[in-house]
Amino acid sequence: MIMGFFKNKKFLDKQTDNSKDDSSRLTSTSLSGVSFNGYFHESSHEEKLDNNGNPIRSDKNIKKGITLNKLKVMCASMIVLSVFGTTLLSNFSGGLFAVLCEVVSWTALPWYAWALVRGYHNTHNVTFYGLRLLALALICEVPYDFVTSGKIWDMSSQNPVFALLISLVVLSGLDMAQSKLKGFIKILMSSIIVIAGALWNLIGMVGVRQRIMWGGIIIFVLAMIFELMKKREISMELTAGMFGGLSLVAPGIGVAVLHYRSVYGDGPMPTNRFRWIMYAWYPLMLLVASIIILL
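Heads up: the sequence shown begins at 6 in the numbering used here, then just goes up one per residue.
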């Protein structure tokens with residue numbers, strides 16, 4: 006019992022220290038709610054933590070809310086809607102259903118961004134994670150060009166996996182600047198890294214659809230919002246929702262869906278089989294769609 010008392014006291018002292026740290030961060034938080042110096046917590050949707058302060062991920066009895074695995078399945082369904090809407094329904098009803106499928110699939114853009122940010126924080130090796138995304142982007146490029154434009158090679162749009170890769174590189178760069186630089190230089194370098202990532206998406210025409218939806222830059226900006234405002238739940242959702250609403254509405258609806266994610270955090274760890282199915286899903290759907298077009 007005595008040992009339990011001191012253990013609990015140690016945990017309470019740790020929580021008190023964390024509260025003091027949060028208070029000190031408040032003074033360096035900008036009025037816009039986004040700062041490279043630190044963030045404060047403003048959440049009505051708190052993740053449940055264990056005694057060490059880490060998010061609970063492995064509870065297999067989660068019944069409510071959208072876990073990360075469920076979100077990935079939702080993303081996979083939107084990929085099917087987009088890819089096969091473009092191919093099977095392109096000539097049906099004057100292409101109206103194809104356009105509707107495409108627009109509905111845009112609600113998944115915030116989900117891709119959220120999954121990328123969570124993947125960055127959960128991965129054991131950022132380099133290997135980046136190499137997997139790079140390989141996936143390169144594998145998808147030719148079938149993506151063929152499905153979207155009918156050409157084997159088309160520079161008018163690059164597949165959205167490149168947006169995930171760019172976002173990962175920028176997140177890693179921000180962390181390096183945060184840990185190795187101080188003061189004005191840190192803020193300056195962080196700003197340069199974010200601007201470079203945005204320009205990379207724009208100049209590379211990443212995820213451009215129907216000549217009106219710039220999916221790559223939308224994924225990138227949402228990923229930055231989710232990362233830079235992660236300590237401010239309400240402000241993060243409002244900012245992402247407004248940005249998504251201005252991006253042809255559909256991404257804003259996707260942000261609203263994210264509000265209902267599980268209070269247990271990311272949820273159960275994915276199995277290796279599930280993880281590789283998710284990696285293979287997009288190129289597989291593009292391959293099937295390419296075969297349908299050839300037939």
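One or more hints might be untrue.
DSS-like cross-link-like pairs, simulated, lysine-lysine; straight-line CA separation at most 25 Å [claimed, not checked]: (1) 185 / 236; (2) 187 / 156; (3) 187 / 235; (4) 236 / 187; (5) 236 / 191.
Listed next, with one range per pair, are the computed distances between beta-carbon atoms [unchecked claim]: (6) 298 / 192: 47 to 55 Å; (7) 281 / 193: 34 to 42 Å; (8) 251 / 140: 41 to 49 Å; (9) 190 / 158: 39 to 47 Å; (10) 129 / 285: 15 to 23 Å; (11) 181 / 104: 20 to 28 Å; (12) 293 / 250: 29 to 37 Å; (13) 297 / 126: 48 to 56 Å; (14) 208 / 131: 18 to 26 Å; (15) 300 / 276: 32 to 40 Å.
Think of the hints as simulated: they come from the structure by calculation, not from any bench.
Even glycine gets a Cβ: it sits at the ideal position worked out from N, Cα and C.
Evaluated hints:
A hinted pair counts as satisfied when its Cα atoms are at most 25 Å apart, and residue 185 with residue 236 qualifies at roughly 21 Å. Restraint check for residue 187 and residue 156: the C-alpha separation of about 48 Å exceeds 25 Å, so the hint is violated. Of the pairs offered as hints, the one joining residue 187 and residue 235 holds, with about 21 Å between alpha carbons and a cut-off of 25 Å not exceeded. For a cut-off of 25 Å, the pair hint linking residue 236 to residue 187 stands: about 21 Å separates their Cα positions.
As the CA atoms of residue 236 and residue 191 are separated by approximately 19 Å, the hinted pair is consistent with the 25 Å bound. The hint said 47 to 55 Å for the Cβ distance between residue 298 and residue 192, and at roughly 49 Å that hint holds. In this structure the hint that residue 281 and residue 193 lie 34 to 42 Å apart at CB holds, the actual value being about 40 Å. The beta-carbon spacing between residue 251 and residue 140, approximately 33 Å, falls outside the hinted interval of 41 to 49 Å.
Distance hint check: the CB atoms of residue 190 and residue 158 are about 41 Å apart, consistent with the given range 39 to 47 Å. One distance hint, 15 to 23 Å for the beta-carbon pair residue 129 and residue 285, holds here, with the actual separation near 21 Å. A beta carbon spacing of about 42 Å between residue 181 and residue 104 contradicts the range 20 to 28 Å that was offered as a hint. Here the CB-CB span from residue 293 to residue 250 is close to 33 Å, well matched to the stated 29 to 37 Å.
Against the hinted window of 48 to 56 Å, the Cβ-Cβ separation of residue 297 and residue 126 comes to about 38 Å, which falls outside the hint. Between residue 208 and residue 131 the beta carbon distance is about 24 Å. The supplied range of 18 to 26 Å therefore holds. Separated by about 34 Å at the C-beta atoms, residue 300 and residue 276 satisfy the suggested range of 32 to 40 Å.
Checked against the numbered hints given earlier, the structure breaks hints 2, 8, 11 and 13 and satisfies all the rest.
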